[in-house]
Amino acid sequence: MKRRKFLQHTVTASALVGLSGIGLQSFDSSTKKITILHTNDVHSHIDPFGPEDGRNPNKGGVARRAGLIASVRKENPNTLLLDAGDIFQGTPYFNYYGGELEFKLMSMLKYDAATIGNHDFDNGIQGLYAQLPHAKFDFISSNYDFSNTIMDMHVKPYKVFKVDGIRVGVFGLGIELAGLVDKNMYKETKYLNPLEIAQDMTSVLKEKEKCDLIICLSHLGYSYKDLDQKPDDLKIAKATKDIDLIIGGHTHTFLDKPTIVRNSVGKNMLVNQVGCYGINLGKIDFYFDLDKNKSAKGVSIIV
Amino acid sequence: MNFKTFFLCFALLFITSCKTPISYHKIEGKQIAITDSLSVDQSIEAFIKPYREHINKNLDSVISYSIDTYSKSDGKLNTAIGNFMADVMYEQSNTLFKKRSGEDIDFVLLNHGGIRAIISKGNITTRTAFEVMPFENSIVVTKLKGEQVKELLDYLIEAKRAHPISKLKIVMDSNGNLNDATINGKQIDYSKSYYVLTNDYLMNGGDRMDFFKKRDTVYVLDYKIRNALIDYFSKTDTISPVIDDRFIQLN
Chain A
1 MKRRKFLQHT
11 VTASALVGLS
21 GIGLQSFDSS
31 TKKITILHTN
41 DVHSHIDPFG
51 PEDGRNPNKG
61 GVARRAGLIA
71 SVRKENPNTL
81 LLDAGDIFQG
91 TPYFNYYGGE
101 LEFKLMSMLK
111 YDAATIGNHD
121 FDNGIQGLYA
131 QLPHAKFDFI
141 SSNYDFSNTI
151 MDMHVKPYKV
161 FKVDGIRVGV
171 FGLGIELAGL
181 VDKNMYKETK
191 YLNPLEIAQD
201 MTSVLKEKEK
211 CDLIICLSHL
221 GYSYKDLDQK
231 PDDLKIAKAT
241 KDIDLIIGGH
251 THTFLDKPTI
261 VRNSVGKNML
271 VNQVGCYGIN
281 LGKIDFYFDL
291 DKNKSAKGVS
301 IIV
Chain L
1001 MNFKTFFLCF
1011 ALLFITSCKT
1021 PISYHKIEGK
1031 QIAITDSLSV
1041 DQSIEAFIKP
1051 YREHINKNLD
1061 SVISYSIDTY
1071 SKSDGKLNTA
1081 IGNFMADVMY
1091 EQSNTLFKKR
1101 SGEDIDFVLL
1111 NHGGIRAIIS
1121 KGNITTRTAF
1131 EVMPFENSIV
1141 VTKLKGEQVK
1151 ELLDYLIEAK
1161 RAHPISKLKI
1171 VMDSNGNLND
1181 ATINGKQIDY
1191 SKSYYVLTND
1201 YLMNGGDRMD
1211 FFKKRDTVYV
1221 LDYKIRNALI
1231 DYFSKTDTIS
1241 PVIDDRFIQL
1251 N
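One line per chain: the protein sequences are A and L, in this order. Okay, so the first sequence: first residue is 1 according to the numbering used here, each after it adds one. Okay, so the second sequence: first residue is 1001 according to the numbering used here, each after it adds one.
Source of the hints: derived by calculation from the structure; they are not laboratory data. It cannot be assumed that every hint is accurate.
[To be verified] Listed below are several chain A residues computed to face chain L (Cβ distance under 7 Å; list not exhaustive):
1) P92
2) Y129
3) A178
4) L180
5) V181
6) D212
7) S264
8) K267
9) L270
10) G282
11) D289
12) V299
13) S300
14) V303
No residue lacks a Cβ here, since even glycine has one placed at the ideal position from N, Cα and C.
The following block holds chain A by itself, in its conformation from the complex:
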């Protein structure tokens, strides 16, 4: 076994020499790093909490987040910035401007995509639709069927980002709206089974789209231990294969570190969520190995 690996390595190395010799491509490094930055449940918290706040004094604030994101991007331009929903509702910024400022700022921060949370329907589906012109990023939701609503064609079931030659597939899962949001608000939005959709999406992203990395943006909630039938991030993680990272939301869960979950085929993946109100920014770095030498030995996860 060891000898076979060694041989493969040798063959690849000589082949690379051959390639650069004919001037097609030059590989100056065998590793690529993709950084995923993420937020969830920011709930219109644009300004930082004040020094007198009982729970989160001096925390959060979009202008500070912008500075941090810029410094991460400077260090690694191969970065995606994602949000797991509930962008709306929580401060007078939403009551006064209906989400306009939230979307404008997320566009200025160069968010790549967001999924839709239950509170994003708080001004009705028409209220969400009305703010779309302010968003220069994509909305991704795979299990909300918007075909009989004004949001039809404005939400993608998935998107493939090409980041430094790596294909990153992102799909989105939303929570059941009935019982949580007034029907008058979400209208004819249909909620589809998140687990079935996750299985469909991963198969599309893996087989058809040939993605190297698959990320699920979820607003299902981290874990409902006592409710076997209620889908959550941990249940989706365990019951599927090929998802590398679930970025969660809804439950405002603060984790000490990302959770490592063994998926349905025994492979480790990550579930993360960073609380709420823009108090934290999640950062997950994936190191890709182009010569397959390192990845053949398995994946080391440092959290």
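Keeping the supplied structure of chain A fixed, place chain L upon it in accordance with the hints.
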């Protein structure tokens, strides 16, 4: 380069162009706290500023005046602030409801816990309304049968709490049993149905007001509790609510 190496080289080129999955060998995950030690992006800050200033100016604009300071803890079975809230909801909604349904609202029931702040003596601003009602709850009206109205009365008598009511009067005897109850000054006819105004939180099962589960049609007025307060403050020069006899216990 011998033939074999050349072939391998060609094969690799073919595979690369056809796209084989690239694998990762390491993941590093962490979270970064957004604190005051981070530097502020000045262009973002400058962009937010006019929005913030507009909101603050608007929130701090004086829209009414309060004669006194009113708290939901001042009063046992009814409070001045609760009576105010319930009366305002009726006044702001009845015309709207009548236009839609052709009917009048018979009485109002809100929840004591839904009053989230005091109204202080002095100027009332829009911010006051946001403090008293930070949630997005909306006004709803439904029709309850006499039987459910009885359950509603039992609930209030059992709770002995100053849940805000309007147009409804309840008298308990010294033992805490129902002595008398009227709606709009008339004895309750339990064979009749009544239109009750409440908020969507209670309608959907909040505070275990289970009698709302046996409701008839729900009329959603698309009118937030907070906006009804703001509209009332804006048209009213001075407020001076009082504790009255709408829910009392006889000695």
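How the hints compare with the structure:
1. P92: holds (5 Å)
2. Y129: violated (17 Å)
3. A178: violated (12 Å)
4. L180: violated (10 Å)
5. V181: violated (11 Å)
6. D212: Given a least distance of 5 Å, the restraint on A/D212 holds.
7. S264: Where the cut-off is 7 Å and the nearest Cβ of chain L is about 18 Å from A/S264, the hint is violated.
8. K267: Hint on A/K267: violated, closest Cβ of chain L at ~11 Å, above 7 Å.
9. L270: Status holds, d = 6 Å.
10. G282: At 5 Å from the nearest chain L Cβ, A/G282 passes the 7 Å test, so the hint holds.
11. D289: holds (4 Å)
12. V299: holds (6 Å)
13. S300: holds (5 Å)
14. V303: holds (5 Å)
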